[in-house]
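Q: Below are the chains, spelled out letter by letter.
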Amino acid sequence: MDKKKILICDDDEGIIDVLEMIMEEVGHEVMSVNDSLKVQEVIDKVQPDLLILDLWMPRLSGQDVLRQLRSHPQHDKLPVIVISASRDGEQIATAAGADQFIAKPFDLGNIVESVDALLN
Amino acid sequence: MDTAKNRDFDLSANAGASNIQLMTMALDASNSGVIITDHTQPDNPIIYCNKAFENITGYSRKDIIGHNCRFLQAQDRNQKEREILAHCIAEGEECRVEIRNYKKNGDLFWNELYMAPVKNEAGEVTHFIGIQNDVTWRKNAEHDLRQQKTVMEKKIRERTMALKDSEAFLSSIIETVREGLLVLDPDFNVLSANYHFLRTFKVSLEETVGRQLYDLGNHQWDIPKLRDLLIKILPTNNPVVDFEVEHDFPHIGRKLMLLNAYRVEFEGQFKDQILLAIEDITERREVENRKDDFLSIASHELRTPLTTIKGYVQLLERAMPENASQKFLSTFGKVSVYVERLNALIGELLDVSRIQSGNMELHMARFDFDAMIAEAVDGMRATVPTHNILLKGQTGASVVADESHIAQVVTNLLSNAIKYAPDSKQIEVNIANVSEYVKVSVKDFGLGMSQEDRKKVFERFYRGVEIQKKFPGMGIGLYICDQIIKNHNGTLWVESEIGKGSVFSFTLPKAGKEQHG
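Sequence order for the protein chains is U and R. Note that my numbering has the first sequence beginning at 21, numbered continuously upward. Note that my numbering has the second sequence beginning at 18, numbered continuously upward.
Simulated from the structure, these hints should not be mistaken for laboratory data. All C-beta atoms, glycine included, are put in the ideal place defined by N, C-alpha and C. Honestly, I wouldn't trust all of these hints.
Facing chain U, according to a computed beta carbon distance under 8 Å, are these residues of chain R, among others [stated by the list, open to error]:
hint, residue
1, 157
2, 160
3, 317
4, 320
5, 321
6, 342
7, 361
8, 380
Reference excerpt, derived from the structure (chain U facing chain R, CB under 8 Å, subset only) [what the hints assert, rightly or not]:
hint, residue
9, 41
10, 45
11, 47
Extracted from the complex, chain U is given alone in its bound form (with noise of 0.2 Å):
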């Protein structure tokens, strides 16, 4: 498998960590971010291939950055999995534009999975 950059935004540490070492140890890049109002300098900086995204955050929303993502023409076609630990979650992030829903808690497995059929 090719070594991408994966970005994972999350407002919460250990998911970030628990995120980074899973993606590592497949083989990826991983980069992350836990505040939103930051995520879309560190995209156009970095140029990720697949980014994580959660929907719950202080300040600016996961559904925020999604939709001014795929207004974006540059990152419209950014493949975005968005994870959450609300029952509705998975309405808003298809809503929003995301490729794929995750619901917390996740299996690794599942992600794993997900982000190998994003990325191909």
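Fit chain R to the supplied structure of chain U, relying on the hints for placement.
A: For chain R alone, kept in the frame of chain U given last:
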């Protein structure tokens, strides 16, 4: 008989006997009673009366000839009409009175009496002529009419008082209700505003009544959505109920309001006036949102560290060295189980909270029912390889429901079946179409339950006999399942016998709930 040829009547002594006879006949043919009294004799005796007089009074001529007519008044001598008559007689004037008279048999009749003097050439009164008419019926009618009039006037007074009472009462109601009420004329000028309106929107009666609605309080009521309601919607859609309007008022801030509007349709002085009821739901909506927020925050906050724990455990499992001991492996397995249990518990707690606060939201969508069942069964087969789950039947149905909630119900029934049949390893799932519903039955051959347990098993926090705590649950699983099915307008029930096992079944309308909520 010269005068026989002459058509003029002549009462002189030369008049022909036939003329007198004709006149007598005429008098006798009259309907009115006629009497003549001789004023030259003492006490004015009657010297002539006609047939009609006899008929009217019941007296015959021989009874009354020579009498004064006062006998007609019988004992009823105190009528003031007598004074009028006495005056006329004394003055030699004519008069007309209505006087009470009595027939020979004692019956009362009303006599319209016309009396006129007859004077000689010297101008002295010699006779009086009295013309009588029985006007009893007319007098009675007049009396009845007067009585009716009195009754009517009393009724009107009573009705007017009752109306005033009603108006006062109505006014009190309007001033006491906890909603703003406005009455507008067809041109949207304010005819009246109740106390609650004035208080909520901090305006006075003087600056409200008589003004155009949109001009009130410096145009603060010039709201486009309100205009839509009054001009576009109300004319054709009467009444309008639960119309939501949100507006930022200059001095009182943002308000969310529910409006009811009614244009008076019944005929009368109030026709085409518009009644506007305004309920301020700003705070209520905020509280509802806050409740929702709390539940959502609770869910998120609880699940986040759990996600991290699960992640670390899985990472550890993946990082397990080749020669790890059995103890290592099995311990990790157990941690995973308890992580899942905690997750399920959080889910159940939130479900129960939502149900209790009336916030159970169902996301209705169409899905393949058989596929959902198959997935739930497969999931359970993977979790519990020790049991044999047999799936029978098919519906081929495309159902409108909240798929994840229904799957939750099926999974819960399956895990219960396994829990209460630890020794018998067979579980049967049957699915079928029943009229406009789909039906699912989960049958186990395990312990069964008593009649008492059967009755209470869907209650919150009810636990029957517990054997294995392999699966999570606080006794609210079936309660939640029952609520989910009920919210879909289906039914959930159990048939069971001790020692023989249980069958949990539910029905689900294929077309979804007919109404919301």
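Q: Would you mind marking each hint as holding or not holding in the structure?
A: Hint check results:
1. 157: Not OK, violated: residue 157/R not within 8 Å of chain U, min 87 Å.
2. 160: Constraint on residue 160/R not satisfied, violated at 85 Å.
3. 317: It holds, given that the least Cβ distance between residue 317/R and chain U is near 5 Å, below 8 Å.
4. 320: 4 Å, holds
5. 321: Hint on residue 321/R: holds, closest Cβ of chain U at ~5 Å, below 8 Å.
6. 342: Not OK, violated: residue 342/R not within 8 Å of chain U, min 23 Å.
7. 361: 11 Å, violated
8. 380: 6 Å, holds
9. 41: Because about 6 Å separates residue 41/U from the closest Cβ in chain R, which is inside the 8 Å limit, the hint holds.
10. 45: Check passed: Cβ of residue 45/U comes within 7 Å of chain R, closer than 8 Å.
11. 47: 13 Å, violated
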